[in-house]
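Generate coordinates for the entire structure from the input sequences, incorporating the hints supplied.
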Amino acid sequence: MSDAPETFEFTAENKAKADAVIAKYPEGRQRSAVMPLLDIAQRQNGGWLPMPAIEYVADYLDMPAIRVLEVATFYTMYNLKPIGKHFVQVCTNLPCWLNGSDNIMHACHSHLGIKTGETTEDGEFTVVEAECLGACVNAPMMQINDDYYEDLDSEATKRILDELRAGKQPKTGSQLERYTCEPLGGLTSLTHQEELRAQKVSEKGDN
Amino acid sequence: MPKLTIDGKEVEVDAGLTVLQACEQVGIEIPRFCYHERLSIAGNCRMCLVALERAPKPVASCAMPVAEGMVVHTNTPEVHKMRKGVMEFLLINHPLDCPICDQGGECDLQDQAMGYGLDHSRYKENKRAVEDKEMGPLIKTIMTRCIHCTRCVRFTTEVAGITDMGMLYRGEHAEITSYLEKAVDSELSGNVIDLCPVGALTSKPYAFVARPWELKKTETVDVMDAVGSNIRVDARGSEVMRVLPRLNEDVNEEWISDKTRFACDGLRRQRLDRPYVRQGGKLQAATWDEAFAAIKAKVDGVAGSKIAAIAGDQTDCEAMVSLKLLMSNLGSANIDCRQDGSKIDPSLRAGYIFNSTIAGIENADALLIVGSNPRLEAAVLNARIRKRFLAGKFPIGVVGEAADLRYDYEHLGTGPADLKKVLSARSGFGKILKAANRPMIIVGQGALAREDGAAVHALTREIADTYGMIDKSSGWNGYCVLHTAASRVGGLDLGFVPGEGGLSTDQIVAGAGKGDIEVLYLLGADEIDMSALGNAFVIYQGHHGDAGAHRADVILPGAAYTEKNATWVNTEGRVQLGRLAAFPPGDAREDWTIIRALSDVLDKSIEVGDLRAVRSKLVDAHSNFMNIDTVSSAPWGEFGTAGDVSSAPFASPITNFYMTDPISRASETMAKCTDTFLGSQEMKTGTDG
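Sequence lines, in order, name chains A and B. Under the numbering used here, the first residue of the first sequence carries the number 1, and numbering increases by one thereafter. Under the numbering used here, the first residue of the second sequence carries the number 208, and numbering increases by one thereafter.
Restricting the straight-line Cα-Cα distance to at most 30 Å, the calculated cross-link-like pairs of lysine-lysine (DSS-like) are:
1) A:Lys81 with B:Lys334
2) B:Lys389 with A:Lys81
3) B:Lys513 with B:Lys550
4) A:Lys115 with B:Lys331
5) B:Lys334 with A:Lys115
Hint data in this document are derived by calculation from the structure and do not stem from the laboratory.
Here's what the structure looks like:
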């Protein structure tokens, strides 16, 4: 968790990234790049956007700060307050809820000792409720930073949180024995493609 | 032109109109909150829903362009039900605080809820509450009432040209705010109060002051600048409670500046409500008879050439013509209405008015601004320039201060030398002016109220001639003088300028200092250097205890602009009538009646019996005073005096927009604005402007 910085500036690497994004738009339409630039700024600043970053992006794109602030407040994926190192977003929409997202949420609360929207004292975890993240087929699920963890139950949730706290990278995707979102009991159709899938698995490793 | 059927009536309207506009053309009123004629279309309130045949859903008529063969229904039970539904949604989170809301009685939501509201709410949950935002000393916010029409955001962005306001968050959490809750820094910010369809943005100085139905409404004109904005003055008894804009497409559209709107509390403070006579170095309250007797005792026996008069910035034409008659009866030619020392040539009308007219700015295709900051000198007129600028293909050049005018321009230099370069250059901005069909030039008082003003005046005429700004065949005249004083064009029209052998303002002041001028009549003139008047006997006639009253030997209390039926001529030369909204305080009287009474006492009667007689004197002075509310074009010709120009840069006469005259200097609200927007480095009283 980082305190609000006084100033903000892109690193040289991020500046190159930002310029590459801006170059995608026609001359004079550089404002269209506001969302990717805010994302770059958010990643550089530990997952949240302080006011100096918003003003920096506004200056960078030569647009009024209020217009950038409007965008940053409109979209829920921009955080305007500091968050923990691991940003846990538990989906609580209908398919996940029917499949027990309440348990997942509860596991997060009890295991980390915080409530929804709070950050652990050591600054490791922040837990929030998220709207549908589009992985309903493997519900319930949660997103931690850029990774999806699917087919969860309380145990799996706690294990993932423990592993993250220990600095390890837990298995992403489905926590059950299935390849991406294939049926749990194995393929029921297109079975002739099983070979193809086996080949992919061996290439990529697990999942 | 597409043909469509609206409520069974077949109509043909211009292509590109919206369904809502088409409905208005045939006299059908569509309820709306977010739609506004002068702002871009947002389409977010949904109140203007209509039924369109063959359309699957109700359509927001404000955002739907007309098309051939459309069949529109605006008055069916279905449409009524849709609008009731929208209204119910709008009212879910709108507080039921109408009894304590300042918008009550003139609220769009209240009015439309009468037509489309339900008699009870089906919503049992808690209403949302939004924290109020700080928007400065003029705008009071109660953001829980906001229905997110975004009119204020669109107004400030599009018309005012500032990007301070916006809508944060989304959906149920949406909030209108100014960036970091800074005060909205625009000379036009007060207009968002009128635009707000609910009580979210209301007037801070007017908070909890009066209800609209207890106010007497008087349609009159504004005198805070030379635009002559059309206003409505709302008064209760003898007190002016507030000032609102009145629609006039040719002058102010429907906007007014913050000074026009909020300086009216200055009408209650520092007023001169009885005559005063200086006795033993101190001003003592007196009766009218005593005051007149004191003047008579001084004036009798003084030669006409030792008497002078200067008229101020907010003096009506009736008073000026009366004083002019009195001065000529006294044998004095020493009169001047140009108290700022302007060297503007009064001989040719086209040389001192805004010839293109304000609405004509929209027809121009290139603009050169000389020695003027229109944003401070005429905020509403500046909005018109910005409107033309936004329409595109409008190059603007500025010679003078490089101030933020709320639109882009090319800064061509600061002084007369740079102006000469524009004249001689066959490249750069000169080329742009040459290529333009209807180029215009705006000459400010910053270019004329200086030693070499007459030469600059001639120089600007040369530019206008050289670049074809006057086209007799099409009637286009792009030579425009932007005045800062409401009384100036009227004074020049009726000839309140030095007569044969008469002295101008500078010479009068110098003469008073040397003792050549023994009696000086200040008709509302407060902006001259009072300390330079030597031992002259000063008569001050006016409505506020400002600089002039402090120096005066006799004070004659007059009426402010809201307290008299008077004639004003704006910078375009448009003659407009102001009307009495409240009576002057105490013993104060309408100005021309004071001068008439004094003329009788002095045995130099000006022989005008009533207002009609004074106005016929005005028409005698200039036939233009017959043409009320119109602008007649003035014939072009020679003016100004060619000569050497100095190298001093042009400077706008106004540094503090909020305090330019006795009324705004007495206004508490304007003092707060000065504090907020200019900080402590600015003078808060004194002779700004």
